[in-house]
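Fit chains B, C and D to the given chain A structure using the hints.
4 protein chains.
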Amino acid sequence: MSEGKPSQPTLPINALDRSSQREFENWFAYPVRVQPHHTDYGGVVWHGSYIAWMEEARNECLRSIGINYGDLAAMGCDLPVVELSVRYHLPLQLGMAAVVKTRMADVTGVRINWDYAIASSDGEQLYVTAKATLVALDRERGNIMRQLPPSVKDALARVSTLHNN
Amino acid sequence: MSEGKPSQPTLPINALDRSSQREFENWFAYPVRVQPHHTDYGGVVWHGSYIAWMEEARNECLRSIGINYGDLAAMGCDLPVVELSVRYHLPLQLGMAAVVKTRMADVTGVRINWDYAIASSDGEQLYVTAKATLVALDRERGNIMRQLPPSVKDALARVSTLHNN
Amino acid sequence: MSEGKPSQPTLPINALDRSSQREFENWFAYPVRVQPHHTDYGGVVWHGSYIAWMEEARNECLRSIGINYGDLAAMGCDLPVVELSVRYHLPLQLGMAAVVKTRMADVTGVRINWDYAIASSDGEQLYVTAKATLVALDRERGNIMRQLPPSVKDALARVSTLHNN
Amino acid sequence: MSEGKPSQPTLPINALDRSSQREFENWFAYPVRVQPHHTDYGGVVWHGSYIAWMEEARNECLRSIGINYGDLAAMGCDLPVVELSVRYHLPLQLGMAAVVKTRMADVTGVRINWDYAIASSDGEQLYVTAKATLVALDRERGNIMRQLPPSVKDALARVSTLHNN
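Those protein sequences? They're chains A, B, C and D, same order as listed.
Residues 53 to 217 in this note's numbering are what the first sequence lists, from first letter to last.
Residues 53 to 217 in this note's numbering are what the second sequence lists, from first letter to last.
Residues 53 to 217 in this note's numbering are what the third sequence lists, from first letter to last.
Residues 53 to 217 in this note's numbering are what the fourth sequence lists, from first letter to last.
Extracted from the complex, chain A is given alone in its bound form (with noise of 0.2 Å):
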């Protein structure tokens, strides 16, 4: 993709509109500037760094609402990715700041399902949407957890309750 110019697929949702903007206004925001590590050979952010900065505004996510990941490991609960899906509207290039944006969509069954957009400062324009699912795992164990930590529920009950609204 040639810099200074428009250089990826401009698929139809790209140019966000009122309704979209008001659909992520209140989920958590993850500010980014894109690093020459994050781009490839056309200049813009090659499609895997997004994985990177989509886990860590879910990691900043639970940390603004007390869970830190580091803690959780080191209790033997571990939250493994599997299931992702990403849609990739417009590419970022070398220099430009962004904002992910996050929540936990909903919890079903042991699924927890969180939702990304990646979004220009200002708002106007969409990078990236994405979705991925999450369980918990018990280290020792290797299976699944049917119940989450009691502090853990809560706080994603809390969490879930703040952006969804």
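Note that these hints are calculated values from the structure, not bench results.
Don't be surprised by glycine CBs; every beta carbon is placed ideally from N, CA and C.
Take the hints with a grain of salt, since some may be wrong.
[As the list claims (entries may be wrong)] Not close to chain B: a few residues of chain D, all C-beta gaps over 12 Å, as computed: (1) Arg115; (2) Thr160; (3) Ser172; (4) Thr181; (5) Leu200.
[To be verified] Derived CB-CB ranges, DEER-like: (6) Thr213(D) / Asn165(A): 55 to 61 Å; (7) Arg115(A) / Glu192(C): 30 to 36 Å; (8) Val159(B) / Ala81(D): 37 to 43 Å; (9) Gly175(B) / Glu75(C): 37 to 43 Å; (10) Lys205(C) / Val159(B): 39 to 45 Å; (11) Gly128(A) / Arg115(D): 41 to 47 Å; (12) Leu214(A) / Met127(C): 55 to 61 Å; (13) Met127(D) / Asn216(B): 43 to 49 Å; (14) Pro202(A) / Ser137(B): 28 to 34 Å; (15) Asp158(B) / Gln199(C): 41 to 47 Å; (16) Gly128(D) / Asp123(B): 43 to 49 Å; (17) Pro201(B) / Arg115(C): 36 to 42 Å.
Just chains B, C and D, lined up with the frame of chain A:
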């Protein structure tokens, strides 16, 4: 995820039945080995590392039919990923070997669809399945190519026939 | 490296004495947090991840004095790393916060030398020290710029004065 | 760095003379190919990507003499990098093939020293030279092993003899 133990949720399809093994049989095979830099604190492959492996497998599949990704980029034709979905069935641990199986599934309009299955070398275990959609992009103009360069189109038709039968 | 325990060789200089702390005091500070994708199977930051952090710190230091790395690249001027040396004193673990301290040390001929110290937020622990040498590269011609663009030169002179006193 | 042109500073030693070629001849050879995820906006390999290649080469060298890095870690013995120095002579571009040559240079006290040279497949071009120092770490106790496990020690002695003559 604890070392030396099975450590990620055993989703239904991690053990391959005979029919699935046959399904991947003719796909392009790209062998990989889990190195420390692929892993995370859980002792297993970090979920984003698979994205790099799938890209490598796709490009080596293209190379095997005479398409050099670097040459394509130098010609001004890019093949960015516009959509990606991944299911993580079973984790790969440090030092393990695996095979990334891939094929070009089909072309629908401007969308070039690829399938992936990351399996054990003996084909008995399935770790990851995924789909990626690419489009051909004219780097100069910054828009989608409605028609692929003829040499690329012919090569893709050949690889599709090869792996889908 | 086992979780929850000190886990890498305790080389002589991991505990900062007063004089070292003073040394880094005026350097540019870039805060980081250890995310899962930074770690490896040992539960600590993979040794290559620090390279990305140091690049980020250097570019944010440049941005703080008005040099945007993306603009520089768009102007055809690149600042590739031509030499790098890193000493790993103590490992950073999942979830930990730290600060990447950096400064432009000096310019010797075409070589632009940067220093790094990755330390705990309170300045008590030293994790990594490093040096990187960059050169200014004319992308069009593919050779080293003997003279930096005046705006860059002036900004670098300012940052050098700022952090070395 | 512009595509299709030489694009990084031509430092003195990028063209290998006969004596240097002979020097690397007996070292372990690990072939690599530049994939999009290795590159940055300059169209060349990002300087941190080489760290991953060197780790892979070192581990595959160990595997070739019967040391499986995963097994070693499972036994509680880790080999973290404590020092690293890299010189970037010439950049590798998207799609190019190269060979990471490596050898265990020597053991001085607890320090295990490795050498690296990343060169073109025909041995005519030298891209990167590097040195890494590792120590053996007892993961349980979190301290340096003064004595390597005998099987590892013997294997390392063999590899040293092999590549240094």
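These are the hints, each one checked on the structure:
no.	hint	in the structure
1	Arg115	8 Å, violated
2	Thr160	23 Å, holds
3	Ser172	15 Å, holds
4	Thr181	20 Å, holds
5	Leu200	19 Å, holds
6	Thr213(D) / Asn165(A): 55 to 61 Å	56 Å, holds
7	Arg115(A) / Glu192(C): 30 to 36 Å	45 Å, violated
8	Val159(B) / Ala81(D): 37 to 43 Å	39 Å, holds
9	Gly175(B) / Glu75(C): 37 to 43 Å	57 Å, violated
10	Lys205(C) / Val159(B): 39 to 45 Å	52 Å, violated
11	Gly128(A) / Arg115(D): 41 to 47 Å	31 Å, violated
12	Leu214(A) / Met127(C): 55 to 61 Å	44 Å, violated
13	Met127(D) / Asn216(B): 43 to 49 Å	45 Å, holds
14	Pro202(A) / Ser137(B): 28 to 34 Å	33 Å, holds
15	Asp158(B) / Gln199(C): 41 to 47 Å	55 Å, violated
16	Gly128(D) / Asp123(B): 43 to 49 Å	47 Å, holds
17	Pro201(B) / Arg115(C): 36 to 42 Å	40 Å, holds
This entry does not satisfy hints 1, 7, 9, 10, 11, 12 and 15, going by the numbered hints stated previously.
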